[in-house]
Amino acid sequence: MFKVFLFLFIFVNSATANEINLFTSRHYESDARLFKKFTDQTGIKINIISGKSKILEKRIFEEGNNSKADILFLADAGALYSAQNKNLFSKIKSEFIKKKVPISLRNDFWVGITKRSRILYYNPNFLSKKEIEDISYEDLSDKKWLNSIAVRQSNNIYNQSLVASMLEHNGVNNTKKWLEGLVNNFARSPQGNDRAQILMVASGEAKLAIANSYYYALMLSGKKGIEQKKAAEKVIPIFPNQLNRGAHINISGAGIIKFSKNKKKAEKFLEFLLTNDSQSEFCSNSFEYPVIDDKGVDKPEYNLSSNFKEDTSIDVSIYGKRQAEAFKLMKKAGWN
Amino acid sequence: MFAKKHKSFNFIDRSVYVFSLIISLLIIAPIFGVILGNISVDNEYFKFFSQTELVRYTKNSLFILISVLFITFFLGTFSAYLVSFYEFPFVNFFKYSLLLSFAIPPYIFGYTLSGFFENYGTFYSILNYFLDEKIINSILPNLGPFLGSIISLSLTLFGYVFILTRSSFLNQSKNLIEVGKNLGFTTFDIFFKIILPSARPAIFIGLSLVGMETLADFGTVSFFGLSTFTTGIYNSWFIFDDLKTANVLSFLLLFFILTLFVLESFFRKNMKFHNSTSSLKRKNEKINLKGTKRILAFLFCFTIFFISFLFPLFQMLFWSFTFPNSFDFLEIISINFNSMKLIFFASTVIIFLSFFVNFGTRVLKSNVLSFFSNLSIAGYAIPGIVISVAIITFFSLIDNLLHLSIKSYFIGSLAGLIFGYVIRFYSISFNTIKTVYLKINKTIDDSALLLGFDKLKILKKIHFPLLKSHFVFAFILISIEIIKELPITLILRPFNFETFSTKAFNMASNDLIEAAAVPSLFIILWSSLLIILSIKFFLIDKK
Chain A
3 MFKVFLFLFI FVNSATANEI NLFTSRHYES DARLFKKFTD QTGIKINIIS GKSKILEKRI
63 FEEGNNSKAD ILFLADAGAL YSAQNKNLFS KIKSEFIKKK VPISLRNDFW VGITKRSRIL
123 YYNPNFLSKK EIEDISYEDL SDKKWLNSIA VRQSNNIYNQ SLVASMLEHN GVNNTKKWLE
183 GLVNNFARSP QGNDRAQILM VASGEAKLAI ANSYYYALML SGKKGIEQKK AAEKVIPIFP
243 NQLNRGAHIN ISGAGIIKFS KNKKKAEKFL EFLLTNDSQS EFCSNSFEYP VIDDKGVDKP
303 EYNLSSNFKE DTSIDVSIYG KRQAEAFKLM KKAGWN
Chain B
854 MFAKKHKSFN FIDRSVYVFS LIISLLIIAP IFGVILGNIS VDNEYFKFFS QTELVRYTKN
914 SLFILISVLF ITFFLGTFSA YLVSFYEFPF VNFFKYSLLL SFAIPPYIFG YTLSGFFENY
974 GTFYSILNYF LDEKIINSIL PNLGPFLGSI ISLSLTLFGY VFILTRSSFL NQSKNLIEVG
1034 KNLGFTTFDI FFKIILPSAR PAIFIGLSLV GMETLADFGT VSFFGLSTFT TGIYNSWFIF
1094 DDLKTANVLS FLLLFFILTL FVLESFFRKN MKFHNSTSSL KRKNEKINLK GTKRILAFLF
1154 CFTIFFISFL FPLFQMLFWS FTFPNSFDFL EIISINFNSM KLIFFASTVI IFLSFFVNFG
1214 TRVLKSNVLS FFSNLSIAGY AIPGIVISVA IITFFSLIDN LLHLSIKSYF IGSLAGLIFG
1274 YVIRFYSISF NTIKTVYLKI NKTIDDSALL LGFDKLKILK KIHFPLLKSH FVFAFILISI
1334 EIIKELPITL ILRPFNFETF STKAFNMASN DLIEAAAVPS LFIILWSSLL IILSIKFFLI
1394 DKK
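Protein chains in written order, with the numbering used here: chain A, 3 to 338; chain B, 854 to 1396.
What the hints contain is simulated information worked out from the structure, not anything from laboratory work.
Where hints are given, some of them may not hold.
Claimed, not checked - A few chain B residues that face chain A, going by a derived Cβ cut-off under 7 Å, partial list only:
1. Tyr-973
2. Thr-975
3. Pro-998
4. Ile-1245
5. Ile-1344
6. Asn-1359
7. Ser-1362
8. Asp-1364
Everything numeric in this text was worked out from a predicted model, so none of it was measured.
Ideal Cβ placement from N, Cα and C applies to all residues, glycine included.
Here chain A stands alone, though its shape is the one from the complex (with noise of 0.2 Å):
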C-alpha cells in the first residue's frame, strides 16, 4: 500500500518538458487566458501556483536550489522588493523589456507589468467639487474630514504602500503627525475591501474613500451588477496631489527566479507581458493602466489611466524599503 503511495506522490511531482512554472498572487481569470495566448504562440506551458505574495515567497525560498518556480508575478511593488531582498530574482537582461518600461517602474530583477493608483472618491450630493479639487493625500489629515474618510484596514499592503511613499516625502515626524489625524477622521473602524469604502461614499457614510483605481472601473463596467454600477455612476474620482507631485502609483510585477532552469522561456514570457496586445487585455479585463507608452493600448473609456499627473519621483522600491515601519506607524496611529 506504501509503495502505491509514494509511487503516486512522485508521479505527481514530475515535471515534462516545454513549459514553465509562473508564481502569481493576482487571481484574476484573465491573466490566464492572456497566459493562454502565450501558449498558443510558442509552445510553452505555464502552469500556475496562485496564493499570497507572501506565502509564495517563502515558500521559493524554503525550496531553494530545489524550487521549481521560473517567475514570481506580485501585485506590489513593495512585495517584489522584500522578494529581491530575499534574493531570490536574477537579474533581467531583455533589452526590449528595458526600452518597453520606463525606470522608476523597474529595477534589475524585476520589472512593472500593471500600474494602478491609489485615488480618492466623491459624491458630488454630498460634497461640491470646490472642496475638494486641490485637494492631497496630506489634506486627509485635516480637522475638516471629521468622521468622513473611509478606508480599508492598515494589514492591506496598498495602504501600506501609500503610507511608505508619505514618508519617503515627508519624514517619519510629518508621517506620524498625518497618520494620527487621518485616523481621526476616519468614517468607521476600517473594513471590507476597497470596493465597500467606494460604496460608503455612494450611499453618503462617508464623504471620502480611498481606493485603488480599477475597483471603479470593475463597477462602472457592470461586472458587479447592475446596483454596484448605479453606485459607482454616483461617484466621481479624484486625483489627489495634481498641484505638486501627483497621484500615488503602484505596480503589478513580475521577476525571474534565481534557481530558474528556464531563464529564457521566463525572460521571453516577460516580454509577452509588455507587448500592446498583452497590456489592452490587462486594460480591459482588470482595468490596470498600462506600464508601457500607452499610445498603441486599447482600453475603455472609464480605465483613466494618462489622465492625470502621476507621481514619478520616487522609484516604487521604496515602499517595500519602508513597508514595515509604515505598518508599524499606522498601528501606533490606531488604524486597525
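Assemble the complex: chain A is given as a structure, and chain B must be docked to it using the hints.
This is chain B only, laid out in the frame that chain A set:
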C-alpha cells in the same frame, strides 16, 4: 511501566507502543520543532508588538472565543434538547437538517453576511422594490467586525455541539425527563440539573472543537478585519518576516488550546458515566409539545436552519444566477476529481493512524503515550498557514541536518498536502474514536485477555467491529473539512491543482465574491451530500 498491569508485556506491546509514539511525535514534530526552535523575545518588532498590540490581540481572541462558545453552547445544546426529547412539527427533519450547517465554511458565511448586508448588496436589491434608496441605506445594519465574525463562526460551528450532545442524549438509558418529573423538578431544573450534566462530556468535546476552530480561524477574522492571534501571527510572519514573534504568538495560542484540553479532561475525570449496553436501552418516549411551545420549538429550529444553511445557500445561488459566470465544465470535473483524490488518501491515512494510537493508548495504559497522543491533537487549533510554513521549515531542517533532499517530495505535492491535513485534522478522527472507546467498557478488554486473546486479536475481533461504523463517520467529518480547507491547500498544493476552496478564495480575494459562488456552491453541495449520507447510514435513530 505499562507492563506492571499485565503480564503480557511482549513484542506486540512494544511494537504498538513504539509505533503509537512515533505517530504522535511525527504529528507534533513540525509544529513544536518550529515553535520551540525559534522562541526568543529579544527583537525590535516584538518590543513594539508587546507594547501596543499584544493586549489587544489577546482581548479580541478571548472575546471572540467566549462569545462563540457561549452562542454555540446555547444553540447546540438547546436544539439538541428540543429534537431529542420533544415532538413538534418537522422535528425529524430538523434532527438531521441542522447538521447541514457543517457544509458552510465560516469564511463563506462571512462573504454571504457581508455581501448580503453591504451597501448596494443583496438586501438592498430586495428592499429596493419597496423602499427609497435613502431609507434603505439608513436601515441597513452595519455589522461591525466583532458581530460579523462571531455570527459567522457561531452559526457554522454550533453543529459540533449539536451533534455530540444529541448522540449523547440518544445513548441515555432512561427517560431523563420522566426521572426529573418523578423527583418533582421543574422543566427548567430538569434541563439544567439533569439533562445538561448527563451530556457533559459530549458538550465539552463539542465546545473544545468549536474553541479550537475559533482560535485557529484566519479566513473569517481577517475578512472582517479583526486583530486576533492568527492575524497577529500572519502579520508578524508575513509582513515583518519575523518568525520569532509569530512563534511566540503561536505558543500563546497553543497555551489557550491546551487550557481547553486540561479543562475538558478535568471535567471528564470528575464525571461518572451512566452508560448502558444497547440491549438495555429503552425506546425514548418523546413528549408531545402543545400550543405556543410547539410553535416556538419549531420556530427556534427553523430559524437556526434557515440562517445557518439556507441563507448562505440562497445567497450563493442568487449570485450564480445573477452573474452567470462561464465556469469551465472541464475544470469543474477536474476539481471534483482533485477533491476525491485528496479525500480518499488523506482520510484513509488519518483514520488508520488515529485508530492505531487510540488502541495503543487504551490497551497499554501508558502515561507517556497518553500525554503525547493528547498533545498530537493540538494541530486542530493551529492555523493552517502556520502548519504549512511549519511543514516547509521542518523538511528544510531535516534535509539540512541529514543531508537529504526529501523536501521536494513534500512541498508542492500530494504527500505534503496530506501530511498537512493529517496534522490539522487528526484530532477529528482521534476524538471520534476516543469517544466511542470511552463507551466500550474496559472490562470487555480484561475479559478478552482472561480468555487468552492477545492485544492484536482484541483489536481485530473486538475493537474493530465495534468501531467500524465510526470510521465511516470520521471519514465523513474529515472529508467535509478537507473540502472546506483553505490555507494548507493553497500553500502546499502541486502546480495547476485547484480545489473548490482555492478557487472560491482566489475569486473572493480578487473582489469577485459573486464569481466565487459556483465553487462555493460545490463546496456546499459536496458537504451536504456527505452529511446526508452520514445521516442515512450512520446517524439515523435506530428504532
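Practice task
Go through the hint on B:Ser-1362 and say holds or violated, using the shortest Cβ distance to chain A against 7 Å.
Solution key: Hint holds; B:Ser-1362 Cβ to chain A Cβ min 6 Å, cut 7 Å.
Handout entry: Interface restraint verdict for B:Thr-975 against chain A (beta-carbon cut-off 7 Å)
Key = Violated. Min distance 9 Å.
Exercise for the section: Return the status of the interface hint for B:Pro-998: holds when the least beta-carbon distance to chain A is below 7 Å, violated otherwise. Expected result: Given a least distance of 5 Å, the restraint on B:Pro-998 holds.
Handout entry: Hint validity - B:Ile-1344 Cβ closer than 7 Å to any chain A Cβ
Key = This hint holds: B:Ile-1344 lies near chain A, its Cβ roughly 5 Å from the closest one there, short of 7 Å.
Handout entry: Restraint outcome when B:Tyr-973 is required to lie within 7 Å of chain A by C-beta distance
Key = holds, 4 Å
Problem - Supplied contact hint for B:Ile-1245, tested at 7 Å Cβ to chain A - result: holds, 4 Å
Handout entry: Hint check: 7 Å Cβ-Cβ cutoff, B:Asn-1359 to chain A
Key = At about 4 Å, which falls below the 7 Å cut-off, the nearest Cβ of chain A leaves the hint on B:Asn-1359 intact, so it holds.
Exercise for the section: Double-check B:Asp-1364 for me: the hint is only fine if its C-beta lies closer than 7 Å to a C-beta in chain A. Expected result: holds, 5 Å
Consistency with the previously given hints fails for number 2 only.
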